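*Asks:* Sequence lines, in order, name chains D and S. In terms of full-length UniProt numbering, the first sequence opens at residue 1 and continues consecutively. In terms of full-length UniProt numbering, the second sequence opens at residue 1 and continues consecutively.
By construction, these hints were calculated from the structure, which means they are not laboratory data. Note that this is a predicted model, so its numbers are computed, not measured. A virtual CB, placed ideally from N, CA and C, is assigned to each residue, including glycine. The reader is advised that the hints may include incorrect statements.
Derived BS3-like pairs: lysine-lysine, alpha-carbon spacing no greater than 25 Å straight-line [what the hints assert, rightly or not]:
| hint | chain 1 | residue 1 | chain 2 | residue 2 |
| --- | --- | --- | --- | --- |
| 1 | S | Lys93 | S | Lys234 |
| 2 | S | Lys178 | D | Lys464 |
| 3 | S | Lys464 | D | Lys176 |
| 4 | D | Lys234 | S | Lys446 |
| 5 | S | Lys178 | D | Lys457 |
| 6 | S | Lys234 | D | Lys446 |
| 7 | S | Lys490 | S | Lys464 |
| 8 | S | Lys337 | D | Lys446 |
| 9 | D | Lys178 | S | Lys460 |
| 10 | D | Lys457 | S | Lys329 |
| 11 | D | Lys337 | S | Lys409 |
| 12 | S | Lys93 | D | Lys178 |
Simulated DEER-style distance windows between Cβ atoms [stated by the list, open to error]:
| hint | chain 1 | residue 1 | chain 2 | residue 2 | range |
| --- | --- | --- | --- | --- | --- |
| 13 | S | Glu504 | D | Lys409 | 35 to 43 Å |
| 14 | D | Gln345 | S | Ile405 | 45 to 53 Å |
| 15 | D | Ser349 | S | Ile500 | 21 to 29 Å |
| 16 | D | Lys290 | S | Phe110 | 46 to 54 Å |
| 17 | D | Lys279 | S | Pro458 | 28 to 36 Å |
| 18 | S | Glu304 | D | Gly495 | 54 to 62 Å |
| 19 | S | Pro217 | D | Glu278 | 56 to 64 Å |
| 20 | D | Lys309 | S | Arg202 | 52 to 60 Å |
| 21 | D | Lys279 | S | Glu278 | 56 to 64 Å |
| 22 | D | Gly447 | S | Asn107 | 44 to 52 Å |
Facing chain S, a subset of chain D residues (Cβ under 8 Å, in silico) [unchecked claim]:
| hint | residue |
| --- | --- |
| 23 | Pro99 |
| 24 | Asp153 |
| 25 | Glu224 |
| 26 | Leu334 |
2 protein chains.
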Amino acid sequence: MPPIPSSLHIFHPCLNHYLKPNFFSLSYFSISAPKFPLSSQLIPINPRTLSSVANALSPSENGSGGGGDRSSALAGPPVLENSVQKIDVNPPKGTRDFPPEEMRLRNWLFHNFREVSRLTGFEEVDYPVLESEALFIRKAGEEIRDQLYCFEDRGNRRVALRPELTPSLARLVIQKGKSLSLPLKWFAIGQCWRYERMTRGRRREHYQWNMDIIGVPEVTAEAELISSIVTFFKKIGISASDVGFKVNSRKVLQEILRSYSISENLFAKVCVIIDKIEKIPIDEIKKELKSVGMPQEAVNELLEVLSVKSLSELEEILGGAGEAIAELKQLFSLAEKFGYSEWIQFDASVVRGLAYYTGIVFEGFDRAGKLRAICGGGRYDRLLSTFGGDDLPACGFGFGDAVIIELLKEKGILPELVPQIENIVCALDHDLQGAAATVATMLREKGQSVDLVLESKPLKWVFKRAARINAQRLILVGNTEWKKGMVSVKILSSGEQSEIKLDELE
Amino acid sequence: MPPIPSSLHIFHPCLNHYLKPNFFSLSYFSISAPKFPLSSQLIPINPRTLSSVANALSPSENGSGGGGDRSSALAGPPVLENSVQKIDVNPPKGTRDFPPEEMRLRNWLFHNFREVSRLTGFEEVDYPVLESEALFIRKAGEEIRDQLYCFEDRGNRRVALRPELTPSLARLVIQKGKSLSLPLKWFAIGQCWRYERMTRGRRREHYQWNMDIIGVPEVTAEAELISSIVTFFKKIGISASDVGFKVNSRKVLQEILRSYSISENLFAKVCVIIDKIEKIPIDEIKKELKSVGMPQEAVNELLEVLSVKSLSELEEILGGAGEAIAELKQLFSLAEKFGYSEWIQFDASVVRGLAYYTGIVFEGFDRAGKLRAICGGGRYDRLLSTFGGDDLPACGFGFGDAVIIELLKEKGILPELVPQIENIVCALDHDLQGAAATVATMLREKGQSVDLVLESKPLKWVFKRAARINAQRLILVGNTEWKKGMVSVKILSSGEQSEIKLDELE
Numbered sequence: 001m002p003p004i005p006s007s008l009h010i011f012h013p014c015l016n017h018y019l020k021p022n023f024f025s026l027s028y029f030s031i032s033a034p035k036f037p038l039s040s041q042l043i044p045i046n047p048r049t050l051s052s053v054a055n056a057l058s059p060s061e062n063g064s065g066g067g068g069d070r071s072s073a074l075a076g077p078p079v080l081e082n083s084v085q086k087i088d089v090n091p092p093k094g095t096r097d098f099p100p101e102e103m104r105l106r107n108w109l110f111h112n113f114r115e116v117s118r119l120t121g122f123e124e125v126d127y128p129v130l131e132s133e134a135l136f137i138r139k140a141g142e143e144i145r146d147q148l149y150c151f152e153d154r155g156n157r158r159v160a161l162r163p164e165l166t167p168s169l170a171r172l173v174i175q176k177g178k179s180l181s182l183p184l185k186w187f188a189i190g191q192c193w194r195y196e197r198m199t200r201g202r203r204r205e206h207y208q209w210n211m212d213i214i215g216v217p218e219v220t221a222e223a224e225l226i227s228s229i230v231t232f233f234k235k236i237g238i239s240a241s242d243v244g245f246k247v248n249s250r251k252v253l254q255e256i257l258r259s260y261s262i263s264e265n266l267f268a269k270v271c272v273i274i275d276k277i278e279k280i281p282i283d284e285i286k287k288e289l290k291s292v293g294m295p296q297e298a299v300n301e302l303l304e305v306l307s308v309k310s311l312s313e314l315e316e317i318l319g320g321a322g323e324a325i326a327e328l329k330q331l332f333s334l335a336e337k338f339g340y341s342e343w344i345q346f347d348a349s350v351v352r353g354l355a356y357y358t359g360i361v362f363e364g365f366d367r368a369g370k371l372r373a374i375c376g377g378g379r380y381d382r383l384l385s386t387f388g389g390d391d392l393p394a395c396g397f398g399f400g401d402a403v404i405i406e407l408l409k410e411k412g413i414l415p416e417l418v419p420q421i422e423n424i425v426c427a428l429d430h431d432l433q434g435a436a437a438t439v440a441t442m443l444r445e446k447g448q449s450v451d452l453v454l455e456s457k458p459l460k461w462v463f464k465r466a467a468r469i470n471a472q473r474l475i476l477v478g479n480t481e482w483k484k485g486m487v488s489v490k491i492l493s494s495g496e497q498s499e500i501k502l503d504e505l506e
Numbered sequence: 001m002p003p004i005p006s007s008l009h010i011f012h013p014c015l016n017h018y019l020k021p022n023f024f025s026l027s028y029f030s031i032s033a034p035k036f037p038l039s040s041q042l043i044p045i046n047p048r049t050l051s052s053v054a055n056a057l058s059p060s061e062n063g064s065g066g067g068g069d070r071s072s073a074l075a076g077p078p079v080l081e082n083s084v085q086k087i088d089v090n091p092p093k094g095t096r097d098f099p100p101e102e103m104r105l106r107n108w109l110f111h112n113f114r115e116v117s118r119l120t121g122f123e124e125v126d127y128p129v130l131e132s133e134a135l136f137i138r139k140a141g142e143e144i145r146d147q148l149y150c151f152e153d154r155g156n157r158r159v160a161l162r163p164e165l166t167p168s169l170a171r172l173v174i175q176k177g178k179s180l181s182l183p184l185k186w187f188a189i190g191q192c193w194r195y196e197r198m199t200r201g202r203r204r205e206h207y208q209w210n211m212d213i214i215g216v217p218e219v220t221a222e223a224e225l226i227s228s229i230v231t232f233f234k235k236i237g238i239s240a241s242d243v244g245f246k247v248n249s250r251k252v253l254q255e256i257l258r259s260y261s262i263s264e265n266l267f268a269k270v271c272v273i274i275d276k277i278e279k280i281p282i283d284e285i286k287k288e289l290k291s292v293g294m295p296q297e298a299v300n301e302l303l304e305v306l307s308v309k310s311l312s313e314l315e316e317i318l319g320g321a322g323e324a325i326a327e328l329k330q331l332f333s334l335a336e337k338f339g340y341s342e343w344i345q346f347d348a349s350v351v352r353g354l355a356y357y358t359g360i361v362f363e364g365f366d367r368a369g370k371l372r373a374i375c376g377g378g379r380y381d382r383l384l385s386t387f388g389g390d391d392l393p394a395c396g397f398g399f400g401d402a403v404i405i406e407l408l409k410e411k412g413i414l415p416e417l418v419p420q421i422e423n424i425v426c427a428l429d430h431d432l433q434g435a436a437a438t439v440a441t442m443l444r445e446k447g448q449s450v451d452l453v454l455e456s457k458p459l460k461w462v463f464k465r466a467a468r469i470n471a472q473r474l475i476l477v478g479n480t481e482w483k484k485g486m487v488s489v490k491i492l493s494s495g496e497q498s499e500i501k502l503d504e505l506e
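Next comes chain D alone, as it looks inside the complex:
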């Protein structure tokens, strides 16, 4: 490609948000793009001017001034527009493309989410990615609220890309009302969005597997949810020596707040502050707790309780009468019956960051301590009433698609997923492309997958492609065989080759 004089650089007026030097160039895949003499900081760029420059330049760029007769119809297809915009070929910051190899991994992960959900009798649901902003705005100071991808749509509605799935679930449950037969056992795999500060490995979107049980007040529900996650871990090769669950109950905090006659209204706020305990200094936590109205003495007891790592120690502090202790004991007893005792441990410091949890909370963590929480969940018996609905007992968890992949990489057990196809079908002669199409149709009607070679290519190319796509058989359609109603079949793993009658091809 000949070098292009910089005066021929074409600008697209709609791209003015992205105007950067070097950014617009007709050269493609060029490593050293010609430097553009403008700097957007130095010279204000008027999109209108650029647009007319583009229009003025386009005829010479296209090199075709209109053919004039029909023979020029062979001169190649027309250009779409009279300007070229060199776009940023990366997905927007914090988002991902899924080329085939990434998509295979995503599908593998989702398949396992679905398979576990099937084993536990959960039904799949989904909700809009775009929801009313109001659904996600709570006042407890959660991180999630400041990270909302929200905007006003063309109908002046405040909308947001969902940061989580649970509020949509609550909305749908209220909407369906009495028509639903309880308990509901629902799961969803949905993309969620948070406008986070980008740090290594943190993205602005992720997929989240949720399982929720609506209508069961007993702790059997939480036990069943954790059991599902354990089943999932086992399925993908993760053991109790790799990960564990920290379990707590927010009722512990609630009991402490009540013992100091602290208003119920502080509960969610206090939980959200405590959730930050491993992220910000302890003095900061104390300050925040006091600033929302907790007396010094209560802050002290609270922080003391948070360091407790055994149920018996907790019982000594709280006494044995409260719900918190009773439910936690029941959960640990059920864990034994489900067979996952070695996976769970009590940890009073776990409260989770979402405002709406009311009872048992839990999170999955890697025992090596290298990663963020793998998943998390809990009971949220009062969420529906905050939306104006009648409360129903409810619990659930969210399990993202990012940290688990990191863990599998750390352990070196990320599956190697290759494309798989049964046949590659190729005509040996351009005139036989129709015949090859007939063969492909026949095989596909029998349920066989077929990569049909759509151009005349040398055999060497065909073998290379067959290897790349992992084909099991190569079926060649050649003139001599085709006249006899036959094709040549080569098993690619063994090299075994034979001529087979078309109607005997399975």
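Got chain D sorted already, so can you dock chain S onto it with the hints?
*Replies:* Frame of chain D, contents of chain S only:
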């Protein structure tokens, strides 16, 4: 629930966009909500005032002034926040929830999309739902541009919810560059967004199945794509008497434009105008064509050609030398070899509404003529260069999830999809819930799906649930049997009942 005095209505300050009379009420599912005396049109509402009203009212609303001793821990979970917001329980206008029954249908449809893509050897890919706005802004007057869900993110980037998948595909192909082995055969199933005027049956989001072939200049690629759609139709019970494909080539228009020495730059604009031919009056079309710069004579020939419905008639008008005729003939010849001749017909009026098509275009239509196009696609050999990439021959189609469902409904062949589960496991005694959990774990480890009853419920309730979820077996864990290491198993279709040893349960 006692009636609530209107002075106790609580407002959520974040909801001020939605403030309507009647909208905020503590009553739930109430048909005649008490009238609220304010009108947002008459009295300006200050969210700050409302917030403090809410705070002032909250203690009496909660009815708990702080317990004072630990026994009050049994008084129920704390409220999340000090206000109730009655949300709109419907998904945002033009969007959908997928409760289990809708999700089953969506999964069934997607399964068939995937199965056909597998049979034809296509690999699955995906892209971000949120893309740079620049990717979708073309200047040919397409409807799609005015319908963009776009906004500025918190980092001041112009972004848009994708209205289609092809530009993202082009972006990814440019990004991957030489690392890709051509041809690519990629498919995607993705949600797309358009802010359309809401009419019956039209939504603002839909899922779209796309298949694209990158790197094949020959019309074998288009023939393969149409073959895939035919395979899909057959799979779901649709025949050639229900639907057909109208096929044309944009090179027909191109040849006409060239014969009148009309600038190449008008090509995309003319295509977009012609696409509206069945939606707006013909005089309007003529006026638009003239206004972009086509001479009267050219408009007349163009409109004459558009009414042509046979290839031979077209050949008479254009002569036999051009690419358009040659490619169309090849496509019809290949259709015969693939075995779908009866599905396709030539129709010069089909040009499709997207600016970037350059060659063969096609759309699937219902022969009853009741529905919009079912799917559509074509060749777009020049899209990559409009983004600053090197062009590659390319073609593809989009197939939405809405019209096909309408067609299946019209034909009365929408599948009836019911939940399916192998076992429902229930403890006959509250003390045996742990035992039931053990049974559930055992069965799930053997790959059996189990709905575990999580509460103590009467047997009548259990049978009703078993019927509702379509369980095959009911497994009861009772005291007498459990002591013997056995459970009671009932085959629900036959009523056959037996006691089975736990380790013999398959």
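*Asks:* Against each hint, give a clear statement of whether it holds in the structure.
*Replies:* Cross-check of the supplied hints:
For the hint pairing Lys93(S) with Lys234(S), the CA-to-CA distance comes to about 34 Å; that exceeds 25 Å, so the pair is violated. Only pairs whose Cα atoms come within 25 Å are accepted, and Lys178(S) paired with Lys464(D) is accepted, the gap being roughly 16 Å. Note on Lys464(S) and Lys176(D): the hinted pairing holds, with a Cα-Cα distance of about 20 Å set against a maximum of 25 Å. Distance check on the hinted pair: Lys234(D) and Lys446(S) sit about 13 Å apart at the alpha-carbon level, within 25 Å; holds.
In summary, the hint linking Lys178(S) to Lys457(D) is supported, as the alpha carbons are separated by about 19 Å, within the 25 Å threshold. Proximity of Lys234(S) to Lys446(D) is assessed by CA-CA distance (about 13 Å); at most 25 Å being required, the pair is judged to hold. A C-alpha spacing of about 14 Å is found between Lys490(S) and Lys464(S), which places the hinted pair at or below 25 Å, so the restraint holds. Among the hinted pairs, Lys337(S) with Lys446(D) is consistent with the structure: their alpha-carbon atoms are about 17 Å apart, no more than 25 Å.
With a C-alpha separation of about 20 Å, the suggested pair Lys178(D) and Lys460(S) falls inside the 25 Å cut-off, and the hint holds. Under the criterion of a C-alpha separation no larger than 25 Å, the hint pairing Lys457(D) with Lys329(S) is consistent with the structure, at around 22 Å. Our distance criterion of 25 Å between C-alpha atoms is broken by Lys337(D) and Lys409(S), whose separation comes to about 47 Å. For the hint linking Lys93(S) to Lys178(D), the alpha-carbon distance of about 23 Å falls within 25 Å, and the restraint holds.
For Glu504(S) paired with Lys409(D), a C-beta distance near 41 Å keeps the hint of 35 to 43 Å intact. Taking 45 to 53 Å as the suggested C-beta distance range, the pair Gln345(D) and Ile405(S) conforms, at roughly 48 Å. In this structure the hint that Ser349(D) and Ile500(S) lie 21 to 29 Å apart at CB is violated, the actual value being about 45 Å. Restraint check, Lys290(D) to Phe110(S): a C-beta distance of roughly 53 Å satisfies the suggested window 46 to 54 Å.
At about 48 Å, the CB distance of Lys279(D) to Pro458(S) disagrees with the hint of 28 to 36 Å. Between Glu304(S) and Gly495(D) the C-beta distance comes to about 59 Å, which sits within the given range of 54 to 62 Å. At roughly 58 Å, the beta-carbon separation of Pro217(S) and Glu278(D) lies within the given 56 to 64 Å, and the hint holds. Distance hint check for Lys309(D) and Arg202(S): the Cβ-Cβ separation is about 57 Å, which falls inside the suggested range of 52 to 60 Å.
Separation of Lys279(D) from Glu278(S) is about 59 Å and conforms to the stated range, judged on CB atoms against 56 to 64 Å. For the pair Gly447(D) and Asn107(S), the beta carbons lie near 20 Å from each other, so the given range of 44 to 52 Å is not met. A least Cβ separation of about 6 Å between Pro99(D) and chain S falls short of the 8 Å threshold, and the interface hint therefore holds. Hint status for Asp153(D): holds, given a least beta-carbon distance of 7 Å to chain S, under 8 Å.
Interface hint at Glu224(D): satisfied, since its Cβ lies 6 Å from the closest Cβ of chain S, which is below the 8 Å cut-off. At a threshold of 8 Å, the smallest CB-CB gap from Leu334(D) to chain S is about 6 Å, leaving the interface hint in force.
This entry does not satisfy hints 1, 11, 15, 17, 22, going by the numbered hints stated previously.
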